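Peer 1: The residues making up each chain are set out below.
Protein chains: 2
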Amino acid sequence: MNEAGITQLRSLINSRIGELYPEGPISLTKTIEYVLTAGGKRLRPLLTMISANSCGANFEKALPSALAVEILHNFTLVHDDIMDEDQTRHGKPTVHEKWDVGSAILTGDAMLSLALLILQEEETPRDLMTVFTKGLLRVCEGQAFDKEFETIKNISLDDYVNMVDLKTGHLLGLAGEMGAIIADADLPVRYGIRDYGRLIGRAFQVQDDLLEIYSNSDNMGKSLNSDILLGKKTYLMILAKNRIPVEIQSAIELCQEDINGGKKAIQELFIESGIVKSTKQFIMDNIEEANTMLTNLDIDCSDLLYFSDLITRRNN
Amino acid sequence: MNEAGITQLRSLINSRIGELYPEGPISLTKTIEYVLTAGGKRLRPLLTMISANSCGANFEKALPSALAVEILHNFTLVHDDIMDEDQTRHGKPTVHEKWDVGSAILTGDAMLSLALLILQEEETPRDLMTVFTKGLLRVCEGQAFDKEFETIKNISLDDYVNMVDLKTGHLLGLAGEMGAIIADADLPVRYGIRDYGRLIGRAFQVQDDLLEIYSNSDNMGKSLNSDILLGKKTYLMILAKNRIPVEIQSAIELCQEDINGGKKAIQELFIESGIVKSTKQFIMDNIEEANTMLTNLDIDCSDLLYFSDLITRRNN
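Note that the protein sequences, when read in sequence, are chains Z and R.
Residue numbering for the first sequence follows my numbering, beginning at 482 and increasing consecutively.
Residue numbering for the second sequence follows my numbering, beginning at 482 and increasing consecutively.
Hints are computed from structural coordinates only; laboratory data are not their basis.
Predicted model only: the values in this text are computed from it and were never measured.
One or more hints might be untrue.
Copies of the same chain are indistinguishable here, so a pair counts whether it falls within one copy or spans any two.
Claimed, not checked - Okay, derived cross-link-like pairs now, SDA-like style, lysine to any residue, Cα gap no bigger than 20 Å in a straight line:
id : residue 1 : residue 2
1  : K713      : W580
2  : K615      : P545
3  : K758      : S696
4  : K511      : T632
5  : K573      : T510
6  : K511      : S584
7  : K542      : V757
8  : K615      : T605
9  : K761      : L750
10 : K713      : E728
11 : K511      : L558
12 : K713      : S584
13 : K634      : I507
14 : K522      : S492
15 : K579      : D565
16 : K522      : L786
17 : K615      : Q601
18 : K615      : L598
19 : K713      : D581
20 : K615      : S696
21 : K713      : N723
22 : K522      : P726
23 : K615      : L750
Please model the entire structure based on the sequences and the hints provided.
Peer 2: Here it is, written out as C-alpha cells:
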C-alpha cells in the first residue's frame with residue numbers, strides 16, 4: 482500500500498457513496514447526498530477494505546461493507562452535531578444548521594436504514610450484521626457517556642478512555658472486523674484486527690482532542706468554542722484538572738468572557754505543564770500496541786501497518 | 482381469540498419489554514425504560530403474534546420479533562415527537578420535553594439498535610431482518626413526506642394516502658409479515674398478511690385523524706393544537722380543502738387567535754359537510770378490503786379478523 486493506492490480506494494468509495502439513495506422524498510435525497518458527498522478522510526471504509534484484502538479477499542468484495550461502515554459513521558456525525566450544537570462539518574454547515582433539527586434527525590435515521598439495507602442486500606455472512614448492530618449500540622452508549630460527562634466535574638482518565646473506546650474505538654474495531662469477516666478469516670485474526678482497530682480508534686480520538694486545540698485549519702478546531710463552553714471533556718482537559726486544577730479553571734472562566742484569550746491561555750498551559758507531551762505519548766503507545774497486535778497475527782499486515790502510519794501522520 | 486386472550490398477550494409483551502436494556506449509561510437506561518413502559522395499545526406486536534399463531538407457530542416463538550416491532554414503533558414516536566413538537570404521549574411528557582432534544586435523539590437511536598439486536602440474537606430467518614430494515618426506510622420516507630406536506634398547500638388525497646401507507650401502513654404490514662415468516666408460511670400467505678396489515682394500517686391512521694379532532698380524552702387530541710398550527714395534513718383536512726376551501730380556511734385562521742373556538746368551528750364544518758361520514762366510510766372500506774384479503778388465504782384467519790375488530794372498535 483502507498484499514497485496512490487489509498488487515493489484509488491478513496492475514489493472507489495466516493496464514486497459509489499453519492500449514488501446510494503437516488504429516489505425518495507426530496508427532503509431526504511438532498512440531505513443524504515449533501516452529507517455523503519461532503520468529503521472526509523474515509524478512514525473507516527479504508528480500514529474495512531484494507532483489512533479484507535490483508536486477509537485474502539479483494540478490495541471490491543469489501544466495498545458494500547465499507548460503504549455501510551462509512552454511512553454508519555456519518556449517521557453518528559449528523560445526530561451528534563445536533564446534540565453538540567456544532568455548526569460546521571468539513572467546512573460546510575451541518576444539516577441541522579442548513580435545514581433544521583427535524584430534517585437532521587430524519588436524515589440520520591434514513592442513512593442508518595440505508596447502511597443496514599446494504600448489508601442485507603448482499604449475500605454476506607450473517608455475522609456482519611451482528612457485528613454492525615452491536616457496534617451501533619456501543620457507539621450510542623459512548624455518545625451517552627460523552628454527554629453525561631459534560632455535567633460531571635471530575636471524570637477519571639479511565640472513565641474517559643472507556644467512553645472513547647465505545648464512541649470511537651468500537652466503530653474502527655467493527656470496520657476492521659467486518660473486513661476480516663468478508664475474507665472469512667479465522668477467529669484469532671478476526672478478533673486481532675478488531676482489537677487493533679479499537680486501539681487505533683482510541684489513539685485517533687485523543688489525536689482529535691489534541692489537534693482540535695492547536696490546529697488553525699478549517700477542518701479542525703471547528704467546534705472547540707462550543708466544546709469548551711459545553712464543558713466537554715478531553716484527554717488533555719482531564720490531565721489538566723488533575724495536574725493544574727486552579728490554573729485550568731481560571732483559563733476556562735476566561736473563555737466565558739474572551740474566547741480567544743481563554744483558548745490561548747489553555748494552549749500555553751497544556752504545553753508548559755507537559756500535558757501535550759503526555760498526550761502525544763499516549764497516542765504513540767496505543768498505535769504501537771495496535772501494531773504489535775498485528776504482527777502477531779498470521780497474515781501479511783504490511784497494508785494495515787501503512788494504515789497505522791496514515792493515522793500517525795495525520796494533521797487534520 | 483377474545484378480550485382475555487388479548488390481555489394475556491399484552492401482559493406477556495409488557496412483562497418483557499421493560500427489561501430489555503438493564504445495563505448501560507444511566508442517561509439511556511432511564512429514558513428507554515420510560516418510553517417502553519409508558520403503555521400504549523401494543524397493537525403492532527399483537528399483530529405479529531396473532532399472525533404467527535394463525536400460520537401455525539406458537540405465540541412465544543413470535544415474542545422476540547413482536548418486541549422488535551414494538552421498539553421500532555416507539556423509536557419512531559420518540560423521534561417524531563421531537564419533529565412535531567409534541568409535548569405529551571400516553572399522558573406523560575415526551576422524552577425531549579422531560580429531558581432534552583439530544584437525549585431524545587440518542588434514546589431513539591439506541592432503541593433502534595436494541596430492536597436490531599433482538600432480531601440478530603435469535604436463530605431467526607434472515608428474511609426477518611430484511612423485512613424489518615426495508616420497513617424502517619419506508620417509515621422514514623413516510624415521515625419525510627409528512628413533514629414536506631406541512632408546507633405544501635394542495636396535497637391530493639392520493640399523495641396523502643401514499644404517505645400514510647409508508648408511515649403507518651408499512652409498519653403494520655411488516656408486523657404481520659414477520660409473524661408469517663416466523664411460522665415459515667408460504668409466500669402467498671406471507672404477502673397476503675403483509676397487505677392485510679398495510680390496509681389495516683391505512684385505516685388506523687385515518688381513524689387517528691378522525692379521533693384526534695373529536696376525542697376529549699387525554700389519550701387522543703394530544704397534539705391537535707400543534708398539528709393545526711403546523712399545517713399538518715389529515716384525511717379530513719384534505720377533503721375539506723377540496724369541498725369547503727373558503728370555510729375551512731377561515732376556521733384555521735380563527736385557530737391562530739382562539740384555538741378552542743377554531744377547533745369547534747372545524748369540528749362542526751367536518752360534520753355539516755359530510756366529511757366525517759366520508760372518512761368513516763373510507764376507514765370501513767379499507768378494513769373490509771383487508772378482511773376479504775384474509776379470507777382468501779389458506780389459513781384459519783379468525784384471530785386476525787378479531788384483530789380487525791379491535792381496530793374497528795377502538796375509540797382511543
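Peer 1: All hints, please: hold or fail.
Peer 2: Each hint, compared with the structure:
no.	hint	result
1	K713 - W580	between (25 Å within a copy, 19 Å between copies)
2	K615 - P545	both (18 Å within a copy, 17 Å between copies)
3	K758 - S696	within (16 Å within a copy, 66 Å between copies)
4	K511 - T632	between (36 Å within a copy, 17 Å between copies)
5	K573 - T510	within (18 Å within a copy, 34 Å between copies)
6	K511 - S584	within (11 Å within a copy, 26 Å between copies)
7	K542 - V757	neither (41 Å within a copy, 56 Å between copies)
8	K615 - T605	both (17 Å within a copy, 17 Å between copies)
9	K761 - L750	within (15 Å within a copy, 71 Å between copies)
10	K713 - E728	within (18 Å within a copy, 54 Å between copies)
11	K511 - L558	within (17 Å within a copy, 24 Å between copies)
12	K713 - S584	between (25 Å within a copy, 16 Å between copies)
13	K634 - I507	between (44 Å within a copy, 17 Å between copies)
14	K522 - S492	within (11 Å within a copy, 50 Å between copies)
15	K579 - D565	both (15 Å within a copy, 19 Å between copies)
16	K522 - L786	within (17 Å within a copy, 55 Å between copies)
17	K615 - Q601	both (16 Å within a copy, 9 Å between copies)
18	K615 - L598	both (16 Å within a copy, 7 Å between copies)
19	K713 - D581	between (24 Å within a copy, 17 Å between copies)
20	K615 - S696	neither (34 Å within a copy, 42 Å between copies)
21	K713 - N723	within (16 Å within a copy, 53 Å between copies)
22	K522 - P726	neither (36 Å within a copy, 53 Å between copies)
23	K615 - L750	neither (40 Å within a copy, 52 Å between copies)
Hint violations for this structure: numbers 7, 20, 22, 23, all remaining hints satisfied.
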